[in-house]
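Each protein sequence line maps, in turn, to chains A and G.
Converting from the first sequence to this note's numbering requires adding 252 to each position, the first position being numbered 1.
Converting from the second sequence to this note's numbering requires adding 252 to each position, the first position being numbered 1.
Hints were generated in silico from the structure; no laboratory data involved.
Glycine included, each C-beta is placed from N, C-alpha and C at the ideal position.
Hints may contain errors.
To be verified - Part of the chain A face toward chain G, derived, beta carbon under 10 Å:
#1 T451
#2 W454
#3 V506
#4 E515
#5 S579
Unchecked claim - Beyond 10 Å from chain A on every Cβ pair, some chain G residues (computed):
#6 H520
#7 Y599
#8 K615
#9 L644
2 protein chains.
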Amino acid sequence: MTKKTILKSVTVNLVTLFLFCLLITPAVQAKVFNAKTFTLDNGLEVVVVENDRAPVITHMIWYKVGAADEIAGFSGMAHYLEHLLFKGTEKVASGDFSKIVKQNGGNDNAFTSYDYTAYFQSISNDHLEKMMEMEADRMMNAKPPATHYTSEKNVVLEERRQNTENDPRALFNEQMRSMLFVNHPYGTPIIGWMDEIKTYEWKDVKEFYDKWYAPNNAVLVISGAVTVGQVKKLAEKTYGTLPRKDIPKRNRPVLPPSIAETELHMEHSSIHQASFQRSYLVPSYATNRKDALALDILQEILSGGPTARLYKSLVIEQKIAISAGLSYSSDGLDYGSLWIYGKPTKYKTLTDVKNALMIEIQKVIDNGVTEQEVFDAIRRVQDSAVYNRDSLAGPAMIIGRGLTTGQNLDSIENWPEDIAAITVQDVQNAAQKYLNSHSPWIRAPISGFISPKILEGETK
Amino acid sequence: MTKKTILKSVTVNLVTLFLFCLLITPAVQAKVFNAKTFTLDNGLEVVVVENDRAPVITHMIWYKVGAADEIAGFSGMAHYLEHLLFKGTEKVASGDFSKIVKQNGGNDNAFTSYDYTAYFQSISNDHLEKMMEMEADRMMNAKPPATHYTSEKNVVLEERRQNTENDPRALFNEQMRSMLFVNHPYGTPIIGWMDEIKTYEWKDVKEFYDKWYAPNNAVLVISGAVTVGQVKKLAEKTYGTLPRKDIPKRNRPVLPPSIAETELHMEHSSIHQASFQRSYLVPSYATNRKDALALDILQEILSGGPTARLYKSLVIEQKIAISAGLSYSSDGLDYGSLWIYGKPTKYKTLTDVKNALMIEIQKVIDNGVTEQEVFDAIRRVQDSAVYNRDSLAGPAMIIGRGLTTGQNLDSIENWPEDIAAITVQDVQNAAQKYLNSHSPWIRAPISGFISPKILEGETK
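Extracted from the complex, chain A is given alone in its bound form:
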């Protein structure tokens, strides 16, 4: 229920964080999930993770389409469509989908990212058929009443106002992102630009829906107390009746090179704590799995908890910062990004924090990391994976996200082995390749400096 509440309030922004936590997930055994898979005649890929500890299931449908597939000028459409898919079909009245789930003791939600959109319900296993029936229905038969076009748009606009427009840090992050990902949809916020959300109409959204929502562009993942045989029977009966479509190629432009390092500076009167952040373009699991695994370990060594390098050095030892870390976003179908960040103590400046962070990065580039650090990091990320494997929604999240962003079931199942194979040298190589100011950049990193604005009459 907590999880559901989180997802409700975050549809866009926090989902990334949530998924991020799940990233370092698959568990310690050779095969993480022992997932079983089959494909229906209409192209729907189905994955089942059997787990009979409790008579419940998570039923998730993942579409290989997201904000990055939107047409220029129509930003936020994938997310707006996700909202409208709760507003009914011919058979199910607006709002009834969630109501039925709730009446049966379950919970449901959905989320949109750059490369995927997903809908899920967690509910007792005797309701699986009903879930499949309703989800198959809204894959192709959505028919929101016209009154909801505007009202739901207002919901989205309000969501954007609260989470972004009224938050200078969020606007700042959006601007940084737009400058890192030039000429690329990853530079556009998933929720869309305010002025664009306002303009599109249901007919535009419907076109997008008709184009991308189809069984052969989806992955169904079910985890919980159900057998693959039962799922197969039900899937054929429900999703199996849907027709296949011609799905267009997902276009992802190549980022043009940028050669100049960029700094963004913002002073804002509603900011009370200064902060520094610096973003780098790096690979994702989809574009370079080996380097992505190494960056996961680098992240753990530099930022995995209070004994990690950045916190230890900047916060505990040097007392330059009140927080410091590194965050790696690895789930792009295209590129990944990596951020380092820190907040200065009262007596230090943003430049002090930046310099101290850069020294720590340079140490990795020049001297690498230790065997012990890599060993501990691998153990920690594997440990944290156990928790997710044993949860109900965890496996469905990891498998769905992986399969919609260029991975296959084998690579997902083999993650523990692959991460365990990362060496000291791999980690240093990755740092040298992507974080070294002396190499030519594909896109030069962007540094952001956020400070309180001291108004006249105030003192610092």
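Using the hints, position chain G against chain A.
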């Protein structure tokens, strides 16, 4: 001939500069050109500027389409198409168009910008019919031989390599522009991104051509020794036979706000002179004519020659810079941009130049400009207009550009009156509105710092 040579070598980059020189052009009389105009039944707008000083004409066809109308992922297509339109039709073999013009003592060329594409010939007036016939033919019947698809693409790629890829300043400018114009085609270079130019094929280009090239999406401007009666007869006979098309709406996205001031820093070993530049988002003639006129006068006061404020203050008096100026680009169908720039002397830094420039801008914001400065500026821009009015190609350039970027013939003809009406207050208001760091930005300005890179073993 000189003019032609310039255009040849610049198809994209310098054209802007060239047009920019022409911007402050229409002349001192109430009506600048006394242009005559009519529209053919198929929608082709025709403008004639009679001028019988010599038996020559400039024949220009302007299309209301440019790089800003390209689809995401297909950058540079408008310009590539312009190249291919010299490669023949059913009736005229590849290369013959220019050959015929040359054989008859004329010259021809073409250029592509964000909001328009234009083709022109300057030639003796007895060849006008032939020009119209050939230009009408290539409006709809282009058929470049397949061998040219690749060879012409290589020409464009080489053009980009020479003008941009091998020039760190050009790459830097491209990056600055992409960060000012986020989510907007003005942030994409007209020639296109290297990786995208390589990918599209003639079928994609043909689709673009078929969509936008039509008499009802073009303006024909003829200046020189010809009467409107003669033009009408010939236009009906040539262009008049072409069918009208359904022309799509030109989509121009709204720029999302950016609140953080941005700095770009580049050190490069092939740079020998440091330079500073700062770009602001401002209106164009199309979006706010009154403010655009005021910005034209501001430009003249701050940067119109060696007695202008920036040069006088930074170069002559303070000896901080070896050059300093302000440049206003006002011909966007959407937004305009304004740049201030300067290069430090040997003993000064980029920050010295930046600070000195900002002080001069702040002086205008705080104290405005003088009556005398505005009076002189108006006189100078009107004077420089006379030169262009009396040239052969000048009027066709100004009228064509105006009519394809949201102006009408009246506003073009009335430019001298309108610019003369600009007051001291208008200039100060414009500076306060668009250049003041204490107002909220629509898009915060971007500052660029370019420095030589001192390699190991070198001394500064």
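Hint by hint, which ones does the structure fall short of? 2, 5 and 6
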